[in-house]
Amino acid sequence: MEYGNAAIVFVVVSVVLAVLGFAFAGLYWLNKTVDESAP
Amino acid sequence: MHLIPQSWAHWHILLSVFPSVGLVFALGFYLTGLVADNDLMKRSCLVVLAVLGVLAIPTYLSGDRTMAALSNGAIISADLMASHFVWGIVALAALAITGVAAVVALWCARGLGHLSQPALRLVLALALVVLALMMVAGELGWQVNHHELRLDAAAQRTPQAWSHVHMILNHFPTVGFAFALGFYVIGLVSNDVVTQRTGLVVFVLCAVLGVPTYVTGAASMWALTDPGVAGISKPVIDAHRDMALLTLFGLAFTGVAAWIELWRFRHLGRFSRPSLYLILGFAIITLAVMAETGHQGGQINHPEIRIASDALPTDPKAGVTRAIELLINQVIWFVPWQTVHFFGFSLIFGTALVVSLRVLGFWKSVSFAAVHRLLPLGVFGVVMNVFSGMLIMLADSSRYLNAPTFAPKIALIVIGAAAVLYFSLSERLWKVSGGEDAPAGAKWVAALVLISWTGVIMGGRLISYI
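Residue numbers (the working numbering), protein chains in the order written: chain A, 1060 to 1098; chain B, 105 to 570.
Take these hints with a grain of salt, some might be off.
Unchecked claim - Taking lysine to any residue and the SDA-like style, the derived pairs with C-alpha atoms no more than 20 Å apart in a straight line are:
hint, chain 1, residue 1, chain 2, residue 2
1, A, K1091, B, H371
2, A, K1091, B, L366
3, A, K1091, B, P378
4, A, K1091, B, G402
5, B, K535, B, L525
No lab work stands behind these hints: they were computed from the structure. Everything numeric in this text was worked out from a predicted model, so none of it was measured.
Let's have the full structure, built from the sequences with the hints guiding it.
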């Protein structure tokens, strides 16, 4: 199946935002747990 | 999967990995116990070595019966089998002696009230000798049944070296994981932090080793099917590949969760009990998946262990991995994951650069503990790249795997990841405060980290052009 450039750009942006969003949300949570529990 | 092996050959294949590959991990835990001067780990390892010594008996008996059963096989070399038998007996006898020495060390400790240092050193020396003997016996054992390793190299599109490395390497994450789980449970039950930490570290190491194991497995598939090797079925390999994919996910989940808990321990000085039990749950599920993966892998090239009730797959178009291969070959799915791969490298290299440069003497006013906070950024990059890299490889695995820079890239990933693990764990580095110089050894590791990850990026980019 042939895809247009707009479809490719949409999927690239969606996948990258989803992956990076998940990674940075995890990173934020991880640092928060350390900041809040630090002795 | 039938949990109880139905033939002597199956028993021998299953048992023999514990005194050989298992011994590597038992020695690793033992050395850690000696270095950390942890009594629980030293005693646990002595018990493990004693059990391995006892395992020498069923390993010998199953091997002896297997020889009798296989000696008429046309593809079995009698000379190789005889060599394996001799080296195997010597290695197993030495293992039994080591087991007895471990029992004696434990027995003497009852009278003395502590473990005797000379006895501990004697056990260590004996175990190292056994390991060397096991390496020879094990290599000859693999050669006995794997006639494909002796095929004409000129006729191979994908070198059989990949199959050789895979059949050795795949036992390390599997057996190592079982040992790590055992010690981890001992650590949880005894509430011993050193044993818990060591178990977590081995979970991480097994996850790192999962990457080259998966990659060498994919290459072995091509080595065994293009051109085909007599007796090897592609659908059976595909079923194994699907389970291997699940194993890779299981290893990644357990390894990352274990690393996060090690990282948090550095900053908090304690483990979170719920997190430790969550990792235990991941590890148990992963071990179960890995056991089935190993069993299916054994079915590929060991007709002697198959039984009548084994329903081997026959559909050449079945399988999740095959479906992913077809999907990722479309531009609309390939390009997004390739983009994620580049972002992953940015995170890995950026983090590795900042942390390594601090260790090498840049920004000396910043303490190491401060840059240690950045490490999860790099680890998340590794996770992104293992996943996206696996997808990219599946798009055209034969071409990628046969590219001259691919194997060095994978080797450098393992070296780079292990070196970063050093940053996560080192006591001496953790204590380097603002204005203080890092130890010389750490500087060498920092240089290794930078060289490794630079090599990984260069190796990856060159795949398309040479």
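Hints versus structure:
1. Among the hinted pairs, A/K1091 with B/H371 is consistent with the structure: their alpha-carbon atoms are about 12 Å apart, no more than 20 Å.
2. In summary, the hint linking A/K1091 to B/L366 is supported, as the alpha carbons are separated by about 16 Å, within the 20 Å threshold.
3. At most 20 Å may separate the alpha-carbon atoms for a hinted pair to count; A/K1091 and B/P378 meet this at roughly 17 Å.
4. At most 20 Å may separate the alpha-carbon atoms for a hinted pair to count; A/K1091 and B/G402 exceed this at roughly 45 Å.
5. Note on B/K535 and B/L525: the hinted pairing holds, with a Cα-Cα distance of about 16 Å set against a maximum of 20 Å.
The structure does not agree with numbered hint 4 stated previously, though it agrees with all others.
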